[in-house]
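Visitor: Sequence:
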Amino acid sequence: MSAWSCHVTKRLLVVVAVMVMAGCSGNGGPQQAPLTVFAASSLKTAFDRIGSRLQSSSHNIPTFSYAGTQTLTSQLTQGAPVDVFASADTAHMTVVQDAGLLSGQPAIFAHNKLEIAVAKGNPKGIHSLADLARPGLVIVLADPSVPAGKYAAQALAKAGVVVRPASFEQQVTGVMSKVALGEADAGIVYVSDVVT
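Just so we're aligned, residue 1 is where the sequence shown starts under the numbering used here, counting upward by one.
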């Protein structure tokens, strides 16, 4: 991790709301009940671990669907059945709440920070946001319409750094993939994407 990640003042919020559907409410019996979870793609590693533990220690069988928060929000508001929604920001959770799809109040359960993802060994010597503006670098960012892209744009603006991305990805995992495959020199992602 770079020193930059320690100085990001904008904390990224991840919110979750439990939406209990009639078919998933417990009746006290030992029946296994399906549990459908929609979660932001940046939560995949953590939620898969939680799901394994939940499946072995309870009667709930979790089924996960990972995608960009904006995609999941659209699916929910169009009627997709779900029990749990874990959003990468409060704005999309508000959309779901305003649509009357929550059975309770959303709760923040985790925070995340931004980090600069670079190729293994950091061959381009990228250590700060300012480095991302250097000529000749291929930078990818999440689209500003998705939480990671919105937060990256805010961090760059606050730092006074202008970056001309080669592409905008619809999910933060797309940014990570392009960096990992060598299609980009760097990108801005969540710390949870870099350390997993």
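Fair warning: there could be bad hints in the mix.
Pairs of lysine-lysine, DSS-like flavour, derived with a Cα cap of 30 angstroms [to be verified]:
1) K113 - K150
2) K158 - K120
3) K113 - K124
Simulated restraints, written as ranges between beta carbons of each label pair [unchecked claim]:
4) G104 - Q55: 20 to 26 angstroms
5) I50 - S103: 17 to 23 angstroms
6) A157 - I61: 39 to 45 angstroms
7) H59 - H127: 44 to 50 angstroms
8) H127 - G182: 39 to 45 angstroms
9) Q154 - A33: 37 to 43 angstroms
10) K44 - G182: 18 to 24 angstroms
11) A157 - H127: 18 to 24 angstroms
12) S145 - A99: 14 to 20 angstroms
What the hints contain is simulated information worked out from the structure, not anything from laboratory work. Here a beta-carbon is modelled for each residue, glycine too, at the ideal position from N, C-alpha and C.
Visitor: The structure should be examined with respect to each hint, and the outcome stated for every one.
Guide: Structure-based check of each hint:
1. K113 - K150: Measuring from Cα to Cα gives roughly 13 angstroms; hence the hint holds.
2. K158 - K120: holds (27 angstroms)
3. K113 - K124: Status holds; Cα separation ~23 angstroms.
4. G104 - Q55: 20 to 26 angstroms: holds (23 angstroms)
5. I50 - S103: 17 to 23 angstroms: Distance hint for I50, S103 holds at roughly 20 angstroms.
6. A157 - I61: 39 to 45 angstroms: Once the Cβ atoms are compared, 44 angstroms apart, the range 39 to 45 angstroms for I61 and A157 holds.
7. H59 - H127: 44 to 50 angstroms: holds (49 angstroms)
8. H127 - G182: 39 to 45 angstroms: For G182 against H127, whose Cβ atoms are near 19 angstroms apart, the range 39 to 45 angstroms is violated.
9. Q154 - A33: 37 to 43 angstroms: Because 40 angstroms falls inside the window, the suggested range holds.
10. K44 - G182: 18 to 24 angstroms: holds (22 angstroms)
11. A157 - H127: 18 to 24 angstroms: holds (20 angstroms)
12. S145 - A99: 14 to 20 angstroms: Because 18 angstroms falls inside the window, the suggested range holds.
In summary, the structure is inconsistent with hint 8 from the numbered list given earlier, while agreeing with all the others.
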